[in-house]
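Engineer: Residue-level listing of the chains:
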Amino acid sequence: MLSEARAVSLREFWLRGRGQANLMIGLAVTLLLIAVAVLSLVWTPYPINAIDIPAKLQPPSAAHWLGTDQFGRDVLSRIMAGARNSIAVSLVAVGIGAGLGVPLGALAAARRGWVEEVVMRFNDFTFAFPALLSAVMITSLFGPGAINAIIAIGIFNIPVFARLTRGAALSLWQRDFVLAARVAGRGRTRITLDHILPNIASLLIVQMTIQFALAILAEAGLSYLGLGTQPPDPSWGKMLNEAQTLMFLAPQLAIFPGLAIMATVLGLNLLGDGLRDLLDPRLRRLR
Amino acid sequence: MAVFFLQRLTTLFITLLVASLLVFLVMEVLPGDPAAVILGVNAREDTLAALRAEMGLDRSAWERYFLWLGGLLTGDLGRSYTYGVTVWELVAERIGLSLPLALMAIVLSTVMAIPLGVLAAARRNKASDVGVMGFTQLGIAIPNFWFAILLILLFAVHWQILPAGGFAGWDAGFWPALKTLLLPAVALALPQAAILARVTRSSVLETLGEDYVRTARAKGLTRRAALWRHAVRNALIPVVTIMGLQFSFLLAGTIIIENVFYLPGLGRLIFQAIAQRDLIVVKDLVILLAASVVVVNFLVDLLYAVLDPRLRGGGHAL
Amino acid sequence: MTLLSLQDLSVVLDTPEGPATVLDRVSFDLAAGESLGIVGESGCGKSMTALAVMGLLPDAARCTGRIDFEGRDLLALDEQALCALRGRCIAMVFQEPMTALNPVKSIGYQVAEGLRWHLGLGRGEAAARAVKLLDRVGLPQPRFSPDLYPHQLSGGQRQRVVIAMALACDPALLIADEPTTALDVTSQAEILALIAEVTAASGMALMLITHDLAVVWQNTAAMLVMYAGAVAERGTTAEVFARMAHPYTRGLLAASPGALGDILPAGRRLATIPGQVPDPQDRPTGCVFAARCARAAADCLPRPPAERVLAPGHAVACLHPHEEETVL
Numbered sequence: 001m002l003s004e005a006r007a008v009s010l011r012e013f014w015l016r017g018r019g020q021a022n023l024m025i026g027l028a029v030t031l032l033l034i035a036v037a038v039l040s041l042v043w044t045p046y047p048i049n050a051i052d053i054p055a056k057l058q059p060p061s062a063a064h065w066l067g068t069d070q071f072g073r074d075v076l077s078r079i080m081a082g083a084r085n086s087i088a089v090s091l092v093a094v095g096i097g098a099g100l101g102v103p104l105g106a107l108a109a110a111r112r113g114w115v116e117e118v119v120m121r122f123n124d125f126t127f128a129f130p131a132l133l134s135a136v137m138i139t140s141l142f143g144p145g146a147i148n149a150i151i152a153i154g155i156f157n158i159p160v161f162a163r164l165t166r167g168a169a170l171s172l173w174q175r176d177f178v179l180a181a182r183v184a185g186r187g188r189t190r191i192t193l194d195h196i197l198p199n200i201a202s203l204l205i206v207q208m209t210i211q212f213a214l215a216i217l218a219e220a221g222l223s224y225l226g227l228g229t230q231p232p233d234p235s236w237g238k239m240l241n242e243a244q245t246l247m248f249l250a251p252q253l254a255i256f257p258g259l260a261i262m263a264t265v266l267g268l269n270l271l272g273d274g275l276r277d278l279l280d281p282r283l284r285r286l287r
Numbered sequence: 001m002a003v004f005f006l007q008r009l010t011t012l013f014i015t016l017l018v019a020s021l022l023v024f025l026v027m028e029v030l031p032g033d034p035a036a037v038i039l040g041v042n043a044r045e046d047t048l049a050a051l052r053a054e055m056g057l058d059r060s061a062w063e064r065y066f067l068w069l070g071g072l073l074t075g076d077l078g079r080s081y082t083y084g085v086t087v088w089e090l091v092a093e094r095i096g097l098s099l100p101l102a103l104m105a106i107v108l109s110t111v112m113a114i115p116l117g118v119l120a121a122a123r124r125n126k127a128s129d130v131g132v133m134g135f136t137q138l139g140i141a142i143p144n145f146w147f148a149i150l151l152i153l154l155f156a157v158h159w160q161i162l163p164a165g166g167f168a169g170w171d172a173g174f175w176p177a178l179k180t181l182l183l184p185a186v187a188l189a190l191p192q193a194a195i196l197a198r199v200t201r202s203s204v205l206e207t208l209g210e211d212y213v214r215t216a217r218a219k220g221l222t223r224r225a226a227l228w229r230h231a232v233r234n235a236l237i238p239v240v241t242i243m244g245l246q247f248s249f250l251l252a253g254t255i256i257i258e259n260v261f262y263l264p265g266l267g268r269l270i271f272q273a274i275a276q277r278d279l280i281v282v283k284d285l286v287i288l289l290a291a292s293v294v295v296v297n298f299l300v301d302l303l304y305a306v307l308d309p310r311l312r313g314g315g316h317a318l
Numbered sequence: 001m002t003l004l005s006l007q008d009l010s011v012v013l014d015t016p017e018g019p020a021t022v023l024d025r026v027s028f029d030l031a032a033g034e035s036l037g038i039v040g041e042s043g044c045g046k047s048m049t050a051l052a053v054m055g056l057l058p059d060a061a062r063c064t065g066r067i068d069f070e071g072r073d074l075l076a077l078d079e080q081a082l083c084a085l086r087g088r089c090i091a092m093v094f095q096e097p098m099t100a101l102n103p104v105k106s107i108g109y110q111v112a113e114g115l116r117w118h119l120g121l122g123r124g125e126a127a128a129r130a131v132k133l134l135d136r137v138g139l140p141q142p143r144f145s146p147d148l149y150p151h152q153l154s155g156g157q158r159q160r161v162v163i164a165m166a167l168a169c170d171p172a173l174l175i176a177d178e179p180t181t182a183l184d185v186t187s188q189a190e191i192l193a194l195i196a197e198v199t200a201a202s203g204m205a206l207m208l209i210t211h212d213l214a215v216v217w218q219n220t221a222a223m224l225v226m227y228a229g230a231v232a233e234r235g236t237t238a239e240v241f242a243r244m245a246h247p248y249t250r251g252l253l254a255a256s257p258g259a260l261g262d263i264l265p266a267g268r269r270l271a272t273i274p275g276q277v278p279d280p281q282d283r284p285t286g287c288v289f290a291a292r293c294a295r296a297a298a299d300c301l302p303r304p305p306a307e308r309v310l311a312p313g314h315a316v317a318c319l320h321p322h323e324e325e326t327v328l
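Protein chains in written order, with full-length UniProt numbering: chain A, 1 to 287; chain B, 1 to 318; chain C, 1 to 328.
Since the hints were made in silico from the structure, they are not lab data. Mixed in with the good hints, there may be bad ones.
In the SDA-like style, the derived pairs of lysine to any residue whose C-alpha atoms are separated by at most 20 Å in a straight line are [said to hold, decoys possible]: (1) C/K105 / B/D211; (2) C/K105 / B/R223; (3) B/K126 / C/D14; (4) A/K56 / A/Y46.
For clarity, every value in this text was computed on a predicted model and none was experimentally measured.
Please model the entire structure based on the sequences and the hints provided.
Structural biologist: As structure tokens, this is what we get:
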């Protein structure tokens, strides 16, 4: 985790990582998800919002692989488009969290004193609020929608990254090579950029993967409550909400979007675990 | 020891104070006049003014904040303008559902997770370990509301042995009421149990490598006896920390799960209150939930002292 | 009568880097009530020998040879039979008293635990015996209540608790693995004196493992010098000290601090043996010490030297042993 930064080629990663089942499965699922999301931009089996009432609530068939919903819309097409939506929301949310959290954590570690105190109190404080509760507050107060969902999820990623960055950076500041840089008269910012951040990059990448999975779950939850992506844009959570009311008529509608969420989160978690094993062999002992 | 808890207590109060300020501010920046929301767009100006005065909206923001804070401290939570009853009454009515539900979920997840985690650690890398770890990966990946829907599909739609939603109420008798809470509690407990089982496993693996476990084995204790008598209790210290942190996830979970099962609990109340702009209710509930999270984590700190005599103080033998 | 007898005990550990021979055909006998010191640097297999006798080797270890205890081969016993022996007939005192005790259990509980487990004593009776045991090891009431927790005791006091635990069921053999390494100098002497006293008083055999020749000199009648998993030199302590035949033994002496330092010429104190113990994964085919040995010759390299008897009660595994008497 805190080894001196060293350039590792992709080839070396591949050679070391290909024997790890969790990494390979996670990578495959994640890549598939991204491929589906990209594909949905240019092609889906049916237009995602094409209403075809006569063909409503069909079970899976050759024409509609995953069946149709209450408006006769193709479920597969909507799940594909939902992937795009989930990825976009989660990616931006994690980006906000890391983009603000990492500098805050690095600052706290570099300056100590009251700056650190403020950052850490803010952290403690956010832990007292269930993230979803606050997300529900934000989205419903500022109006439901994808943008507000992103902000709500993003805000609660900030302390996660701030805490992680501070903890890792603090121990790095005690290391000899950082002390050497300080003795050489480098400024704190310079040291942070040149020595601290490169050394915690792998740690951050692992955490981002895990937060990405959590963001997918959070987005699905908000959409399920009607606070995330708004109709007619497809989202997995919203599809499950609609499916629930039709549970006695077409139970299969409640299966596929949920499977999509689960597979995505599972894939990302496996990828995160695999990356951690790969980048930090010492932790493998306990896993 | 005493110093430690005084510090924790101070942090607790400061956290809640900041929380109250933040919640109040968020509510302040909201557009819209609550009085107009209640009376509708066609209300006459003098009735509006009268209501504003009654609700204290004509005072300054600071004044209203301190009035609210004073109310919180004296137990006067104010009155809901959509339900027309005091917030206390609303909370009292719904906590009878939410608290038992949360307790059931905690108990379920604990009795599932700790034995599974210990088992996985004791049989490290054997089939049962791999099985438990696979189960926990699934448990973490399943969104709890989808798991809830699957439970409904199975137990209510397919087998029809448990209700699909709604709460029978404790007046209907203990078992009928418990039956309606069973599926929601399972849905809440599963993701918690998955995380807790993983934490338990790695914690037990760590303590199993400790010298005192080897000492116990050298005394003649079997693997199993050394595990349960010496490794598990030490391993529980970090597990309890995670359980404390999970409490807030559990509260968040109730917002969704109570919606899935149409349960009239606190989670659904807060969701509805936000939707209806019932600001007093929202403010009070958010503070109450935050307070419960903070207090639970404070209690977890106290529990450490029970588990770990090193924190209990007591003088040196010298 | 022989209490413990090791015959060609080898232990191979399966590691990710391949099998590693940590013990290589170790043999020795220990009679009831006698004492044996095992000396060597860290990593030379002393602790592995102790753990092998206890049956507490890591899961990845495979043993060959025999460990006969009271006429039974321990390697052939099942886990249940071993549990009945451990703590009851063979007890062990560990190196690190800071971590050898469970921090969340009272010392009274930990001392009484073996009594309840092996002898089936009730809670009250076991607690009363535990108090007596604590008193026996120099932790008298009421200052050292059985309700104290390990963190309330100093290192030396904790080691006394560990000794009390080991004595609980009156075992026939006590294995002490570096019992004083983690302690300060005054506690070291006290703990060693305590171990010597209690084993002598109850006729217990003692296997004392240490890296310090002085500890062996003062405490055990016989000794074994180990290097890289094999026996380098053995004999009665008096014989071995009179003529340290193996170059490694002399190296240990030269590197020895502590009580022996006082009787060494000033210029020879605290020398170091150059180099380090070879990794168990790639040990040379010949004498394992050859690479660090000033006396090594071409004939040391093809195969490990066989043990040869120099005098009654003194043997060495070296082709070019020192002939002259040790200059102390």
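Engineer: Taking the hints in turn, state whether each one holds.
Structural biologist: Status of each hint after checking the structure:
| no. | hint | result |
| --- | --- | --- |
| 1 | C/K105 / B/D211 | holds (14 Å) |
| 2 | C/K105 / B/R223 | holds (18 Å) |
| 3 | B/K126 / C/D14 | holds (17 Å) |
| 4 | A/K56 / A/Y46 | holds (14 Å) |
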